[in-house]
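Colleague: As they're listed, the protein sequences go chains A and B.
Sequential numbering of the first sequence, starting at 1, is according to the working numbering.
Sequential numbering of the second sequence, starting at 113, is according to the working numbering.
Simulated from the structure, these hints should not be mistaken for laboratory data.
Hints may contain errors.
Claimed, not checked - Here are the simulated distance ranges between beta carbons:
1. B:Glu-168 x A:Gly-14: 51 to 61 Å
2. B:Gln-184 x A:Pro-105: 26 to 36 Å
3. B:Asp-165 x A:Pro-8: 40 to 50 Å
4. B:Glu-168 x A:Thr-112: 15 to 25 Å
5. B:Lys-127 x A:Ser-84: 31 to 41 Å
6. B:Gln-121 x A:His-96: 27 to 37 Å
7. A:Ser-67 x B:Gly-153: 34 to 44 Å
8. B:Arg-173 x A:Asp-97: 25 to 35 Å
9. B:Lys-170 x A:Glu-95: 34 to 44 Å
We put the beta carbon where it would ideally sit given N, CA and C, even for glycine.
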Amino acid sequence: EADIYQTPRYLVIGTGKKITLECSQTMGHDKMYWYQQDPGMELHLIHYSYGVNSTEKGDLSSESTVSRIRTEHFPLTLESARPSHTSQYLCASEEHDAYEQYFGPGTRLTVT
Amino acid sequence: QQQVKQSPQSLIVQKGGISIINCAYENTAFDYFPWYQQFPGKGPALLIAIRPDVSEKKEGRFTISFNKSAKQFSLHIMDSQPGDSATYFCAASNDMRFGAGTRLTVKP
Numbered sequence: 001e002a003d004i005y006q007t008p009r010y011l012v013i014g015t016g017k018k019i020t021l022e023c024s025q026t027m028g029h030d031k032m033y034w035y036q037q038d039p040g041m042e043l044h045l046i047h048y049s050y051g052v053n054s055t056e057k058g059d060l061s062s063e064s065t066v067s068r069i070r071t072e073h074f075p076l077t078l079e080s081a082r083p084s085h086t087s088q089y090l091c092a093s094e095e096h097d098a099y100e101q102y103f104g105p106g107t108r109l110t111v112t
Numbered sequence: 113q114q115q116v117k118q119s120p121q122s123l124i125v126q127k128g129g130i131s132i133i134n135c136a137y138e139n140t141a142f143d144y145f146p147w148y149q150q151f152p153g154k155g156p157a158l159l160i161a162i163r164p165d166v167s168e169k170k171e172g173r174f175t176i177s178f179n180k181s182a183k184q185f186s187l188h189i190m191d192s193q194p195g196d197s198a199t200y201f202c203a204a205s206n207d208m209r210f211g212a213g214t215r216l217t218v219k220p
């Protein structure tokens, strides 16, 4: 069982609010990722990081930001939530060059 | 841009049958090809993976077949069980983009 945690698990917020989704891993993995996924559908890469102070945009990142100040922590921030952001957000981590990703349980976000 | 193409989108198989899911990739620099299994409400979890120096890898009822020249790889689930019902994703490193997913339903 991988030690990667996401909070909150469920969140319902109004349009225009700023939110931060938390992701933490205790495995010391260098690489971390954020994906957006509608239930049972394709995973879309939002952001990724190769280590502390490294952040890169994925395919679907224009409305969110991430930071990587500590190895274990990779929060995702939506500055102004919109109904189109309603989805599940999955965080994952990967040991350097190991290629296997460990996923957290996800945050189910609903923007009303 | 989708660098890993997966098919079919959904698959229904009878219990005891063989489930086959296919993926194709474009970038010849990819050197690791995993399959992930995802149950509803959970994150994906690594099921089985292969590197391009072998053509087949088997773990229990799950087998990956890899065709380097065709840039294709497939997941075979032998003796499919209702507990195998899940969404399956292929992926290709070094890019870690996933295929679109295949929703497998195994009927009892």
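Colleague: Determine for every hint whether it applies to the structure shown.
Modeller: Structure-based check of each hint:
Distance hint check: the CB atoms of Glu-168 (chain B) and Gly-14 (chain A) are about 52 Å apart, consistent with the given range 51 to 61 Å. Between Gln-184 (chain B) and Pro-105 (chain A) the C-beta distance comes to about 32 Å, which sits within the given range of 26 to 36 Å. Distance hint for Asp-165 (chain B) and Pro-8 (chain A): a CB-CB separation of about 43 Å, consistent with the stated range 40 to 50 Å. For Glu-168 (chain B) paired with Thr-112 (chain A), a C-beta distance near 50 Å fails the hint of 15 to 25 Å.
Look at Lys-127 (chain B) against Ser-84 (chain A): about 40 Å separates their beta carbons, and that is inside 31 to 41 Å. Against the hinted window of 27 to 37 Å, the Cβ-Cβ separation of Gln-121 (chain B) and His-96 (chain A) comes to about 34 Å, which satisfies the hint. Against the hinted window of 34 to 44 Å, the Cβ-Cβ separation of Ser-67 (chain A) and Gly-153 (chain B) comes to about 28 Å, which falls outside the hint. About 29 Å separates the C-beta atoms of Arg-173 (chain B) and Asp-97 (chain A), a value consistent with the hinted range of 25 to 35 Å.
The hint said 34 to 44 Å for the Cβ distance between Lys-170 (chain B) and Glu-95 (chain A), and at roughly 25 Å that hint is violated.
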